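Participant: Taken in sequence, the protein lines are chains A and B. Per our numbering, residue 1 is the first one in the first sequence, and the count goes up by one each step. Per our numbering, residue 100 is the first one in the second sequence, and the count goes up by one each step.
Mixed in with the good hints there might be a few duds.
Label pairs and their calculated CB-CB ranges [stated by the list, open to error]:
hint, chain 1, residue 1, chain 2, residue 2, range
1, B, T305, A, D92, 36 to 46 Å
2, A, T52, B, F260, 14 to 24 Å
3, A, D92, B, T233, 45 to 55 Å
4, B, R297, A, D93, 24 to 34 Å
5, B, D342, A, D92, 27 to 37 Å
6, B, D242, A, K98, 47 to 57 Å
7, A, D92, B, A271, 27 to 37 Å
8, A, R86, B, R205, 16 to 26 Å
Treat the hints as calculated values from the structure; they're not laboratory data. Quick caveat: nothing in here was measured; it's all calculated off a predicted structure. Where is the CB? At the ideal position from N, CA and C, for every residue including glycine.
Here's the letter readout for the chains.
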Amino acid sequence: MTLTNYLVLAAVLFTIGAIGVLVRRNAIVVFMCIELMLNSVNLTLVTFARATGTIDGQIIAFFVMVVAAAEVVVGLAIIMSIYRTRRSASVDDANLLKY
Amino acid sequence: MTVLAAAAGGAQIGTGETVAFWLLAPVALAGALGMVFSRNAVHSALFLVNSMLALGVFYVIQQAPFLGAVQIIVYTGAIMILFLFVLMLVGRDSADSVVETLRGQRLAAIVLGVGFAGLVGAGIARATEGLVVTGLEGVQGTDGNVPAIARSLFTDYLLAFEVTSALLITAAVGAMVLAHIEREPGSRQTQRELSRARFLTERPQTLPGPGVYARANSIAAPGRLPDGGIAESSFATGVEPQDVDEMPRPGLSETGPRGRAIEDSDASLGSTSGTGQQRGETPR
């Protein structure tokens, strides 16, 4: 086993998250898929930090986590307010800007 | 610990780490796939927690114990709980529609995904074939992981760290602004208006609770009318309809094997057997 295993696993997890974003309709589940993609990128960063022997990768992964936390708070608040006005959490129903 | 010791060996990846990887990688993958393909959003959230815990262990194995702890505390502890809160607020029953808005989108997404994974995976596998594991002993020294991160965070990345605090406060204020419901001053109804409005409706009294005259202590059991019928308005919302074992009514229980004891307990409560039994109604 080499570090390549971690990198390939991260790539596969990222892909699964991307497929989820494309396939799912529930806005909250789409959001969870984005979280999975962020997590897989973090795994890549940590792996490369170990491979190159520098701590910077871990610092960047830490910042990704902070930004993800902020993003989740705001995103879920947006989903809440969309739900309040449209009574639906489906991404297909929020289409007022379509035409 | 053996895993950590094996990982700390330097350029060599130990057996412990290999075993841990091959045990946890399927767990992480299964969690991710389960999240995408489960129809219930709560199940999706729990699958994602599973996946994130496996990733947290990977961080710890890969000489990042601080990130592993943060992953478990912040991601699975805080963010996923936030997700579950919003799921419960929005309504668990807001399940995904199976209707495809764009025809063939699902198939196209899966083909695209498999192709992407193949290309990126193969590219990474080729590019990092002889990747040397330098290890973090050079930067960490004997201090360990947390002092090394702190040293870097408060020197090289100090500006980014400070900007992060601005980001966090902005996010908190933004969430409050978005979630806040604006009310016109004076539009709030007084107690007097509320009670007048209530008594003008057809049902001024409260709805019967599920426990009224019920013969089971489950919230899923509906309340009973005095004649033994089911009070339709007492069905609990948000509970899936299900069969609940209820105590038989005293008159009917005489044929049952446990009739005696139940009858006794009913006698002490004061029996409510009445018209329903005379009409031959059989309670659920």
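Participant: Given the range 47 to 57 Å, decide if the beta-carbon distance of B:D242 to A:K98 lies inside it.
Facilitator: 56 Å, holds
Participant: Could you say whether the range 16 to 26 Å given as a hint is met by the Cβ separation of A:R86 and B:R205?
Facilitator: Since A:R86 and B:R205 have Cβ atoms about 24 Å apart, the given range 16 to 26 Å holds.
Participant: Hint says 27 to 37 Å; check whether the CB-CB distance for B:D342 and A:D92 agrees.
Facilitator: 36 Å, holds
Participant: Using the Cβ atoms, figure out if A:D92 sits within 27 to 37 Å of B:A271.
Facilitator: 30 Å, holds
Participant: With 14 to 24 Å as the target window, see if A:T52 and B:F260 comply at their CB atoms.
Facilitator: 22 Å, holds
Participant: Take the C-beta atom of A:D92 and the C-beta atom of B:T233, compute their distance, and say whether it sits inside 45 to 55 Å.
Facilitator: 48 Å, holds
Participant: In this structure, is the beta-carbon distance linking B:T305 and A:D92 contained in 36 to 46 Å?
Facilitator: This hint holds: roughly 38 Å between Cβ atoms.
Participant: Okay, B:R297 versus A:D93 on CB: inside 24 to 34 Å?
Facilitator: Hint holds: Cβ distance 33 Å, inside 24 to 34 Å.
In summary, the structure agrees with every hint in the numbered list given earlier.
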